[in-house]
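Participant: Going down the list, the protein sequences come from chains U and A.
Its first residue numbered 0, the first sequence is counted upward by one per residue in numbering that gives the first Met the number 0.
Its first residue numbered 0, the second sequence is counted upward by one per residue in numbering that gives the first Met the number 0.
Because the hints were derived from the structure by calculation, they are not lab data.
Errors might be hidden in some of the hints.
Stated by the list, open to error - The list that follows gives simulated cross-link-like pairs (lysine to aspartate or glutamate, EDC-like), each with its CA atoms no further than 16 angstroms apart:
1. U:Lys81 x A:Glu511
2. U:Lys78 x A:Asp597
3. U:Lys124 x A:Glu500
4. U:Lys124 x A:Glu491
5. U:Lys124 x A:Asp505
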Amino acid sequence: MSMINLIINNQAIEVEPDTTILEAAAKLGIKIPTLCYLPELRKFGACRICVVEDARGTLVPACYTPVKEGMVLKTASPKTIKTRKTILELLLASHNGNCLICDRNGRCTLQTMAYEMDVREIRFKGAIRDFPMDASGAVIRDPNKCILCGNCVRMCHEVQTVGTIDFTDRGFTASVATAFDKPIIESNCIFCGQCVLVCPVAALVETSEIEAVKTAIASDKHVVVQVAPAVRVSLGEEFGLEPGTLVTGKIVAALRRLGFDKIFDTQFTADLTIMEEGAELLHRIKDGGALPMFTSCSPAWIKFCEQFYPELLPNVSTCKSPQEMFGAIAKTYYAEKSGIDPKDIFVVSIMPCTAKKYEKNRPEMKNEVDAVLTTRELAKMIKQAGIEFKTLPDEDFDSPLGQSTGAGTIFGVTGGMMEATLRTVYAIVTEKELEGDALELTAVRGLEGIREATIPLGDLNLKVAVTTGLGNARVLLDKIKAGEADYHLVEIMPCSGGCINGGGQPYTNDPALKEKRAAGLYESDRSLPLRKSHLNPAVQKAYQEYFGKPNSHKAHEILHTHYHQKPRH
Amino acid sequence: MGKLRSIEELELLRNKINASIDHSQLCVYICGGTGCKACGADAAKDALQAMFKAKGIKDIKIKMTGCHGFCEKGALMIIEPYDIYYCHVQPEDMEEIVEKTIKKGEPIERLLYHDPVSGKIFVHSKDNPFYVKQKRIVLSNCGHVDAESIEDYLVKDGFVALAKMLGGMTSEQVVAEVTASGLRGRGGAGFPTGIKFAEGRKAKGDGTGKKYMVCNGDEGDPGAFMDRSIMEGDPYKLIEGMLIGAFAVGSDEGYIYVRAEYPLAIQRLKIAMAQCEELALLGENILGTNFSFKLKIKEGAGAFVCGESTALTSSIEGGRGMPRIRPPQTAQKGLWGKPTVLNNVETFASLPAIIENGSAWYAAMGTEKSKGTKTFAVAGKVRRIGLVEIPMGLTVRELIFDIGGGVPDGKEFKAVQMGGPSGGCLTRDHLDLPIDFDSLTQAGSIMGSGGAVVVDEETCMVDFARFFLDFTQRESCGKCIPCREGTKRMLEILERICIGEGKDGDIELLEELSNMIISSSLCGLGKTAPNPVLSTINHFRDEYEAHIHHKKCPAKACPPLLTFGIDPSKCKGCTKCVKRACPVKAITGEIRKPHKLDMKLCVQCGACFDICPFDAVTKE
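Looking at chain A on its own, in the form it has when it is part of the complex (with noise of 0.2 angstroms):
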């Protein structure tokens, strides 16, 4: 393949890459995200390879895919075009895969899924519950197309969105499409795309006309994992978006900015761009144009304050990933001083859809003030944990029990948090909230990347929002005095409500710290850090309160608080708790007899409960 010199020429490459391939013939999709390969992905693969060669299989190809989004399965394999969809694939499995289902077409049963919440199994993955009230746009292809292949890309319409914006568009009409698709930021705060677009274009910068581009693949938010998904399955989707925005705005150089923890992402976005480079879909004069745009790489350290937009330039610029005073806004003087659109992976990701299939058909999709499709890190305590995408609109009780098929061991659900740290919790009363920017907001929660982590009766609140606070406040930069202090104060009164010293006094003194953050923080991450405690105090005001005036904690989840002991009835006299559990010897008791506790003794560690086979250990 050689340089693209005009759309044409796209084309003819699509159209010769498509009469290569036969359809009909067998392909095995194993993923390749991080999670599958966590799970045993690649030696899956080789052995499978090796399987292959040693029964003379040569025309049945194996791709490795991006993020199937049902991780918690992993690791996952699709063979097509039977769409057999098998779970947790071991090098073990192969030779009975080879010898049924590749060549016979039979399923395995052992390895479909099998629905924990109905009972069934499932052969094929479009009738899978986790995946048939999901919309997948961005997540197209991840799954589905060989994520170090250009050529999958081209065969899944890849540039046609490219072709169709340098062949007639001009940048306003492209910064107008995306204002009338009503795509908003899928980073967490929800700007309208459009609109930064309409800035970055205008922004006059110092005269030079340099503009930049940047790609926000930082992903900060413990639990959330769309961006990496995204980069790591399809990353010339990512490209396409950026190219559509940089045209947009005027901007001839780009970077992505990804945290150095995703490593295989960096490595495929790699890949991606050298291919792109080798065809001219990225560098001077794309696709013969005189469109030119320069993509780059950095990576980042990992810091959650860099998700913010200065801090992120100043990071790129090789700073301290520390934010600073605005104005001048990051669109007037950015990344080296000159304006700069930054946007997330996700939204960046969204654009070739809406440019493709025009801005109509995106923003039919949705709410009125939220169009199209979001994807969330289903995790915490449901029975289906996984990336999905989901058209705006769909109810919180849709996205959790029937996507995420609801709380497992037949416990109750209690709250999702929702926007990671800088959330807030929804509770059952609003299972029927519509998932769109305003009604979470409006709940008191926000959309943010996209986490929700669902959590069930026997998560205690309080040391909830002390786990969400511990996070922020390690991540504030420490630059600004309420953030950095502040949130240390805060968690150190929650600390000691989960020990039991919580006074009287304590709710409220939280709660004024909190609006005295967010009133005065300098970045998004101050401003936002309190939300978990307003959001579980608003909600779970009772549970604080036994924490301090009863020194009880209801959900049975904070140690100090409890009282244990040893049900004589059910005790089988295993010695567990006492030789292996209790660290200050509390426990005493001999063989087939049962034990007893020396509450004079016991810490409160919760060894012995969570040691006994017999549910023998209670607590209070």
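Just chain U, with the same shape it has in the complex (with noise of 0.2 angstroms):
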């Protein structure tokens, strides 16, 4: 096909067909505001706001229209900028305007985008959104601040497949609602918190838990914290650093100052969860069970699977997630070894995660966390508590608890747990080592949707898939379910690219953050001394003082659960 020509501010441009005029802006460096817009969601044209001017003096959006052969092109022109100032003033006209206290203060779209227009005035005075709010999951939503772009209503039913939102109403009092406006804990919310990363506003955030973590460092309480691994690449850029940048020492220095009494690892638990879910899944494949298996990191899929695929929920593994072998072992094993009470210990959790609020509060859990803390609450607390994050000394995490390898940390990137997982299996069935560039799985890495790999394990050819996002994760499972594939493992992260985009994670815009996150944890898995989960010296150890083999007894009551069926909607 024939380049198309055409002319956007004076400026002479040749694009492909089919580029829109908002690509094709951007090559010429210029920018076209946007904010129902995003790559990853079909386009929905509800804003308005990209409004460029043709030769004709007919405004066009800019974001779906293609360019046209010959097009003249102003996107700044008197009329468009009168345009979107007017959009942006009636945005601001019914909109619950407590901006000094809202969560997305100096992080609002919104308000960044009224401050770029140089919006003054608000010439309309009159009705302002009126709904309930609904805070009774671990995604609060205000619909009073909803802007009606509809990024979350896209990312729910394309990229997640979940649908738990959707617009309803007309006119002044449509507005985005679960289904028959029930409460969001009442619904098939599986509170990954994609939803929350796209929302421009304020309309959907994760529910604080700032002051009940504050409350319990403040008693008498011996208060331990966990830090997920992908927490360690993207808490710095809540301090102006680049998304990537590995701040794990930091991190320790930090909750340290805050109060907590031990700082510990996420990551020592993925490595047991290794050990517990090798073991399962060649256990399984040794005595024909429920294959493929399924990994249960993943507190959003689990709820997926439980509501859309009940009938693989036996092909989950029972281990619990990491972060819930570290509540149960905090207060079993640590509480033993340490002569603490269990029930004076308080476990609170820094996750990447919205969804891990959810996880806490399952009955299987038995309460063994007791707070959750996304990224972006850590960083308040941070900030709150005054304390200069980049000049901080880089501190090590508190013993026993606080040792991993470099197994653990890749948990945190789509891929990485499978990884992880075959560098314990492949030990365990070769009774050899995978070393230097062997270690690196490669096959498994990456950020597509959905990735397939055989490995060979001595006589066993092991089939492997990974997913990201749940949209991809249906395709499979419904491949699965049909009979059309037969994998041993399949790895499922609901959130693309895995946690480290997880819905509690910093609001960046950089269109690189996957990339850039992913090669953070990376980098520090090749920095680590030990990359490989069975050679973590703390989990040998907690093996041979307390559970004595992986899937033994007492392993199997403390680190392990079941899940069942629950409603879809």
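Given two chains presented individually in distinct reference frames, assemble the corresponding complex, making use of the accompanying hints.
Facilitator: Put into structure tokens, the structure is as follows:
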């Protein structure tokens, strides 16, 4: 097809057919503002902020209009600017304008855009949006702040294929709601929080547990904290560092200064998970258990499976997630070892995730974790305490639950858990260790939605698959259900890219965000002396002192659980 | 009747039915449209049937027809072959009708049409001024056939066009014929139907060859009911029109999208479709040819925005009626992602006559760029309210005064809102404007689907604009910001003006918002929603100014801007206003003595004005 020539702001440009005006302008370094456009979602055309003026003076939306030969466009003409300003003015007129006490204050797209477009007055005084708030679940919905850009709706439907929220009602009372406007905790929401990440305002935020954590620290409780792998490559963004910057030591230092009694690492239980899950896999293969086995690290995936694929629940590994294994072990093994009454231990998790807040309240979990903070909440606590994060020294985790390997680190990125499992399973089956380059199983790395690999383990050709994003998982699950796939092990991470892009991670507009955070975790893996879970001495010691061996009776009692079918709505 | 396997079998069937009919036999047609049913048409029919039984009359048929159009006179009855036309028939009239009209052919004067304009009484519908200037093509059968009888439709040359088409026309020829007829979409935008069919015919889609034909029977305009009347009165014509369209574009499956608030239309369509399927006029191998067409009904929830093609297709798919971005156009990627040709009911119903009589016949009617006929729902302050079909090019005056009979009660004609809430108003200055797509658009109005709401001097044009905007802002799907938020703010400004809280600059702000909403909204709903406001500002700016600057409503229609009083010379002291009207006890007085109104307490609700039987309450 021949190229298309057009002129944008007096600059000529040649682009491929089917390029949108927005994309063509970007090539010229011209930014056209948008509220409802996100490259990973279907084009929606709702906000009209991106209108540009053509040669006839007609306003054309840039985000979805394809370029045409000979187009002459102005992206910042007086008419376009005036239209954008009026649209913003209209949004602000009905908006709950509590900006100063809003969770998104300073990080709100609407606020920033109103500033950049120089909106200085609101000429319309009338009705403002008036809906009840829903704070029943790990994700809070505030329809009064909603601007109906539909990012959350499309994320929930198109990418995650969950469909918890959708538009309802008409006219000025149109809103985004759950089915029958039920509280979100009664809905089919899996609390992945991907909607929170794409919300340009604070219509969707996580439930804050900062106060609960501060109260615990101020009490006589022995407060231990665990840090998930993905947090260490993203927290720095909240303090002006590049995405992917590894700040593990500074996080430990900050947590110590915040007053936590022990600073531990979720990577310890990630290693423990590998031991338990690897043994479970081999057991299933040997004894004809349900295959493929699905990983069980993500509570969002678990709820998804309970609701939409209950018939595949027997295939889900019985291992608790690393967060819950940590809570369980902190209140048993660690309590015993350190002579503290488990009732006096308060377990806090720092997670890149909103679903972990839901998981800790599940009845199966017996209150093992007491509070979950997202990466964003931790950043806020650090700022509130006046800690200069960037100048903190690097400090080490406490023993014994602070020791981990590179295998535990890469849990935070899609394919990482699979790679960690394979490193250990290989050693168990072949009684040989993967070394050097062979250790890096690039076949399961990457950001594509579905990846497959066959790994020779002696006589066994282990067939594995990795998915990220639940829409992709659905494709794979349907194939498995139809008997069209015969994997042994499938890793399922609901958030695109894995935990590095979890719903609790910092709001960052970097288009290469996932790549950068993933690179940070792989770099961390490479820099660690130990890179295989089974070589973690603290894990080995826990088995010697407490659990016996992987999948032992005691291990099952403390580290495993079972899940049950849930209604779809 | 079995399946018709060829065109010849269709004609044999038609001949057989024709042969069985004695055209000299008396037949009573009772209008069975929704309007007449609401006026008691069913009870009238039952009473007549009972009367026939009691009197031993067996050979006279009673037929429930579709809409005659003159809905304000319902229930309507026509007795053929006399063409005696009765208005407001009630069950208790039946004995007299049987004894005088049916047995003796005598008309009953009190049931005939008494024209309020000329004072004349009309026996026959053909002389009735409501019908004289009409040209009924789309509505030709409405009121003259049993709407649930395919035999009746066949007698009226039903499916002749289909037979002609399948008997020797190619799809190119059909498209060419429709193009040459000059037919433009009757749903509002007036896009040439032939061009739409040609695009649909060419559309490649995903290579499967699957294409959909969709009929928009949603009819969201308040006050418009032509599509409903066609579906209720002549469902077969719509089906035949869809068959012609489907053949032209190469579609084998179609949907009729009807709002669920049209239960009678849905019921009659279902009956008609079942009969067509039985005769193989729908389904596989129609009339033995290799043309197949499956038709389904989809009931909508009644949303104005579902008149938008992409919202309509989304609704058929089971989604929310919310327009999507274009491209891709519906013609390329519409229903279920397949090429889809969408037209409204009236457009489809225009097709059989075009194919049957040829494009030249059709193009001979109307103006240069607007051919054929157009239906209008004439409502509001006119003396003859109803559904009419006129040739394009008739003037606004002819529509409102000659057909509609002008404004009642000696009041002045003020304006007519054409095209429903998306349209604009025309004033006295436009009375000689020919009714065609381009003239109406040039005058700041639109053809729309054919709503024509007439208002007189007592209507406040600010309030009038507020009324329409209130509708569109409620019906906005809420997707795009200019429409959702902008129309709400415009409505609030209009509401303020109407209660005397208008401010300097409000008119300019309304104009600014209107232009912004028109230029930046996603779909047709938003792009036209401000039209009633712009056109009333354009033609009646002085009324806006009087509200804003002088806190006066020149039409005396906005109660908060009025000062009420009691004229002691007219007040008879009946105490109605004291006891039954005034909600705030602002009026005091005893029986048979003039009452007093305390202005300090009055809340300008106007209840006393409405209730006073002696016109003693004044408003200024």
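Participant: All hints are to be evaluated individually against the structure, with a verdict given for each.
Facilitator: Verification of the supplied hints:
1. Distance check on the hinted pair: U:Lys81 and A:Glu511 sit about 10 angstroms apart at the alpha-carbon level, within 16 angstroms; holds.
2. The straight-line distance between the Cα atoms of U:Lys78 and A:Asp597 is roughly 53 angstroms, outside the 16 angstroms bound, and the hint therefore fails.
3. In summary, the hint linking U:Lys124 to A:Glu500 is supported, as the alpha carbons are separated by about 13 angstroms, within the 16 angstroms threshold.
4. Between U:Lys124 and A:Glu491 the CA atoms are separated by roughly 9 angstroms; this keeps the pair inside 16 angstroms, and the hint holds.
5. Note on U:Lys124 and A:Asp505: the hinted pairing holds, with a Cα-Cα distance of about 13 angstroms set against a maximum of 16 angstroms.
In terms of the numbered hints stated before, the structure departs from hint 2 and from no other.
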